[in-house]
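Peer 1: Here's the letter readout for the chains.
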Amino acid sequence: MSATTITAEQFADDYYSSLQALTFNSRPIIESHTALAQENSQFASAIVSAIERRIEKAIPSQKLFALYLLDSISKNIGVPYTTLFSHNLFKTFTQTYGLVDDPTRCRLIKLFKTWKVPTAITGLPLFDINQLDKIETFLIKVTNPSNNDFSNANNVNSINNNSLNNNTINNNSNDLNIDNNNNNNNNNIINNLSTQRAPLIASKPNLIIEVNELILMVNTRLQASPNDEKGQQRFKLLNQLKTIIGSNSSISQTQLDEVAKQLQSIRDDEIMKLNNLKLQQQKELLKQQQQKQHKDVPFSVSQLQNFMNMGTNGNNSGNGNGMPTNNNNNNVLFNMMNSVMANNKPESLVVKSPPSMNTPPPSTNPLGLKNIAFLENILKKSANGNNATTNNSINTSINNFTNSINNKIDFKFIKPTKESILEDFVLSQSFINNHVLTSNEISLLYNFKPIQCDKCNKRFSDNNEGTILKKNHDEWHQRVEQRMKIGGSGLGGVVNRSWYLNEKDWIEFDYDLDEKETNNNINNNNVNNSHLYNNNVSAMNNNNSSNNLTKLKDGNVIAHTSLKITSNGTNDKKDREDRNDNKIDLSEAPKHIVRIPESSNNEVICKICREMQIGIFDEDEGEWIWKNAIDINGTVYHWSCWMEAKMRNNKRDRSPQR
Amino acid sequence: MDFALARTEVEIPAFHEWRVETSRTGVLNIKLESGTAEIFGTELTSNINYTFKESMKFAISTYHGCKISYTTTSPLDLEYISEETILKQILNLHLSIEKNNISNNNSNSRILIIGPKDSGKTSLARTLSSYSLKTSNSKPILINLNPQLSHFTMPSQLTACELYDSLDIETTTFGETMSTGPGTGLYRSQIPLVKNYGLESFTENLELYKCLINELSIEIDNKLSISNLKGNIIIDTPAFNVSNAKIIQHIINSFKINIILVVGNERLLVDLRKKLTLNDKVHMIKMPRSSGCIEKEPKYQRELQQKSIKQYFYGSNRCQLNPYTLHCFTTDFLFLKPKELDSSNMELMDFMNGDADDDDNDDDDYDPFAGNDNDNSKKKLERNWKYNNMFQIVDDPQETDLMNVIVSIIDDKDLDIKKLLSSNDIDEKEKLSIINKHVTMSSVLGFCYVSGFTSSTKKLKLLVPTPVTTLPGKVLVLTQMRYHE
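So the protein sequences, as listed, match chains A and B. For the first sequence, the UniProt record's numbering begins at 1 and goes up steadily by one. For the second sequence, the UniProt record's numbering begins at 1 and goes up steadily by one.
With the rest of the complex left out, here is chain A:
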């Protein structure tokens, strides 16, 4: 695109047609067109007319964005564009103002206010001061409820009810979160005062009114920046002046005139400062709004989900503290959030009532977003201003966003991670004394392990590990219940306390490992064998030499007690051999079988341990048998119980002292 081959008209047409894309508030489009204008300043007047044409022709809802382009070009490039735009500025602005809806008007007013601020380079306002004054007068008239005849005099059609209009504007600025009181004050002051530029008649009462007004202005400014020392001095001086003028002593007219002049300069200064102050607020606001509107394209929930997953994944590999490293991410995320929230509010997001106290909140949220905790983390972090990498404006916008959604959305429906809940906790005296617990923090006690056993108070987490533990726990309950039914230890309902573990076993002991072994054992063996296992552990052996408490089965028999102290130090291996020699060889047990008599049914109760023995069909023999059983004079016992009882012989004193 060389300037020599293209005429100004062609360029203007191209520029105009490319402006058709400016249908939403898009910073990239505005920026690119600003750059185009800068590169092709020889076509400045053509560009200006193209933009004015665009502002005029665009549908009302899109006019604002073209005005933003005007604004962008003027502020970033300056001459010749500012001069060129100045020619028609009043017309461009007022026409647009007349055709757009109230929120847009509000934005226009804010835009206008930025134009009145002197630019850094020239020290003058952005555009021709006359045009600006005309616009200001126009604005004051349309927004002034007392000035009813204006709507007729002006060619602005849509303004029928000025007071309504004014209200809307005020309301809007409330909505937009500006420092309301101050701002309204400012507006009034500026609107009122700046129109009273007529030279003061220096009389005492007039001067007092003037001083009062100035005091008010300084005060307003001080509220916004309380550290301003000069402002405070001025505030004091004005008050002193007021008492002097207000006193009864007579003051000569020349003195009064002098005072009036000084007051005028103070007023000018004050107005400028207040404008600056407002400008700052507006800039922030504007940025924020631009971001909000920046990409107002609706995103689907699944897209958000994808993005979030992406974010978390990147996170895991990256800094791992729950923050995307990239600002763009944040930006995009923010916009997406915005659109999702807009699409889904309020029914699906707002929890209708807090979950009842006993039922744990659902672990998945209605959106199906598992990673919202991650998002919350981001929001929380940004809100704290902890994140140095996020730039400030994003910070503010997210901050505001957090504030606004905090009112609407209750994060209860999500299960935030423990880390995110505990984010702000510090192990310090003042925190512990003063922190007020939130419901989220309290519910960590219940929701960290949300699944509660329905028989006892034990809780389990809702992940895989928790499921396994829960299963083991349920099985434990089953075992315990079974044992409670059949009574006691398997030794005739008599239960005794086991010895405590010695230090070595205690160090090695792990319930969970033990649990696994128990389960394997149960799974791998039939009922009889697991019964044998019990007996095995409880088997008592007179010749056993060391206290041995190896395998503990909670709810099963535990103590494997040894009785006799050997006189020689035996090594472990020998010890074990000795024990085995003298022990009932339990591998023998299945070999001891009793054929079930025809007359008997399939079940018999061992008279020693009182456990049920169930007959099985032995395929080799072709008969029904009880395994591990012995028939003594017509009574059937477990063979292992019988052998054990026999070995226990008479030595033991079994009289329970009750």
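By construction, these hints were calculated from the structure, which means they are not laboratory data. Keep in mind that this is a model prediction, so the values were computed, not measured. The beta-carbon is built from N, C-alpha and C at its ideal position, and this holds for glycine as well. The reader is advised that the hints may include incorrect statements.
Said to hold, decoys possible - Example chain A residues on the side facing chain B (calculated, C-beta under 10 Å, incomplete):
id	residue
1	Phe-431
2	Leu-445
3	Ser-461
4	Glu-465
5	Leu-501
6	Tyr-511
Please build the complex by placing chain B on the supplied structure of chain A, with the hints as guidance.
Peer 2: Relative to chain A, chain B alone:
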């Protein structure tokens, strides 16, 4: 009979607690109707009817508000809803500790609780333990260094217990240990490590007390070194005051304490700050005394102890046990007895001097500049204790020594007592030192109660918890505890 009793409903607002004292004879039955509630951190569930008997004093607290209903066979001694609770501080404390753990690469905290008598140390310890179970996947280790209390066992002992399940709220011993039966059915049996102290007050034999603390810390370290999820260590203590700064320092160094909680006494916190040498990673936090703390009168304390001894042999309501009687001869065993400071024996002076020497050594030991971890563990393993000052041998014990005494059975599988005693190579002092070293390094396997002794035949009648023909250990320590059937 239960249904004949009128059910009373109590509504407890959030952050309040219902403080109850049951009568000596009455049976209080409590059910959670709605909301969430807990007793010293142990969550209540509406699926269980909780039964409290024999002068239990406790509080049901709630963070959400709850409704409970109860029946009682005789009027409660005390019952009121209190709004002066320290629930907020406790949960803040707990969550801050959790956060601290996360910030320190998911490490564990080692918490020491210090405070005057009846300031709520034990309640705080058990609440923190229970919360740890609920908000982390690791298992906390609850350690009791107060020999007057009976965590999981009898009084006069020091215990450490890795918690697998919530603490039992219906008994004063926090839970049942392993039995041959199904247990309580509500909680897993707890597996404590029991170290024999044998005396009721830690001041009566400081050397032994400190030595046992050291041994306990070694065993905890070993246990933690093989487990992948390291739980918080929470240590309950007797009523230390500022004059016990040395022993507090000893505990801090042995267990590598990083959080010190001072309950209910600001002055103590300030004084300890001055007296203790702490590295900058150690947090000192002051916790308020709950207005619900009651003063345990000596008589009540005694009752609790007797109750826990009875429970050792006969079990609790939910888990009834059957002890056995064993007949044997005193000559089969080696009897030991912890030395007492105020005993009038010949070694008193020696002991006193020794103690004084010790204090000097302590000052060397705990030089803050030498107090790094490596040094510490080395020191631990060196075991430079005055073993002769710990237990004394009771030759040929008489009826007065034995009757109604609770006896600890020490694990002695690594020590051949008979050979040692009959050996002529070593002198008596050396023998005692070896034995004492062994006893302090070993744990207690169980207890028996001397229900009868005939001095002429030296025949001993013992109540033992489990059916045996011989006791599992040859070394018996006569504790200060007495019991009457």
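Peer 1: Of all the hints given earlier, name the ones this structure violates by number, lowest first.
Peer 2: Of the numbered hints, all hold.
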